[in-house]
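Taking the hints into account, I'd like the entire structure generated from these sequences.
Which chain is which? The protein sequence lines are A and V, in order. The numbering of the first sequence is my numbering, which starts it at -15 and goes up by one. The numbering of the second sequence is my numbering, which starts it at 42 and goes up by one.
What the hints contain is simulated information worked out from the structure, not anything from laboratory work. Mixed in with the good hints there might be a few duds.
Stated by the list, open to error - Listed next, with one range per pair, are the computed distances between beta-carbon atoms: (1) V:69 / A:81: 36 to 46 Å; (2) V:171 / A:-14: 46 to 56 Å; (3) V:146 / A:78: 42 to 52 Å; (4) V:179 / A:34: 38 to 48 Å; (5) A:21 / V:132: 46 to 56 Å.
Note that the Cβ used here is the ideal one computed from N, Cα and C, for glycine as well.
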Amino acid sequence: MQVNAKRENNILYIRLCGELDEHSAAQARHSADTLAESSALVERAVFDLGEVSFMDSTGIGFLIGRYKKFRRLGVPVYITNTPPTTDKILMMSGIYSLIPKI
Amino acid sequence: MENYMKMEIAARSENESFARSAVAAFALTLNPSLTELSDIKTAVSEAVTNCVVHAYRDNEENAKILIECKTETLPVQAHRGDRCEKYGVIHITVADLGCGIEDIDKATTPFFTTLQDDERSGMGFTIMQTFMDEFSVESEKGKGTRVRMTKKIKATENGEVKERVNA
Ligand SMILES: Nc1ncnc2c1ncn2[C@@H]1O[C@H](COP(=O)(O)OP(=O)(O)O)[C@@H](O)[C@H]1O
Ligand SMILES: [Mg+2]
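Quick look at the structure:
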């Protein structure tokens, strides 16, 4: 799993590419948290899931974990571009009430 | 017609991707849709991840996962006009010889997890249940856990044409 960042008009876009499972989560967590810690003056963080080729329930824990991290920094988090299967899992988990889809 | 495969892998997280891909590749013989295939992949990933994460938590010696798949192509089920409806079924078993689950009802409740601190969501069993057509768990404390899942694969348009009976 690759974690890429792009900053545009004080919005931090975090783009996940590849497979997000229990094995790849540790590295992805580390990369995303490093981005979070250097996100001074960011108004919001947006997780772009458009390039996620596979995700299981690990993704739910991953996203909630990052949501908590950003919340401590006062940065609201959003999700965008969810592929169908990923969307089905996230919908079931009720995560969109914490991290809205845009 | 019946077909099967069996495999044994080390209960290590780097095998999670291999395990779900192997089962998905085996299921391809039933000509599944992309959605059916991705449902199978996700459910297998949940079952295998549970063996890696939970089953051998206290004893990593001889940590292994046993995966068995059986496919069946069922005979003609119904006629619709001049088309023939056929479908396949895949039965998947994922088993470990780990610590077992004390209370299965509790474990299969949505959001229940014994590893809250590790960012587990407790949605693994719920996803298996939702994504597959049949689902059951057997477990014995200290002996291991076995998850059985079944998915029906509907005939695709192509499959129907290919399998068409010219009676
Ligand atoms: N193979 C297994 N061996 C032992 N315990 C298991 C196994 N699979 C699941 N469990 C138990 O069932 C609980 C729920 O599993 P699951 O729904 O996949 O959620 P999660 O894996 O996120 O905790 C786990 O927290 C664990 O206590
Ligand atoms: Mg699980």
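How the hints compare with the structure:
1. At roughly 37 Å, the beta carbons of residue 69 (chain V) and residue 81 (chain A) sit within the given window of 36 to 46 Å.
2. Look at residue 171 (chain V) against residue -14 (chain A): about 29 Å separates their beta carbons, and that is not inside 46 to 56 Å.
3. For residue 146 (chain V) paired with residue 78 (chain A), a C-beta distance near 21 Å fails the hint of 42 to 52 Å.
4. Checked against the hint of 38 to 48 Å, the pair residue 179 (chain V) and residue 34 (chain A) passes, with Cβ atoms roughly 39 Å apart.
5. A hinted range of 46 to 56 Å for the beta carbons of residue 21 (chain A) and residue 132 (chain V) is consistent with their spacing of about 47 Å.
The structure shown violates the earlier hints numbered 2 and 3.
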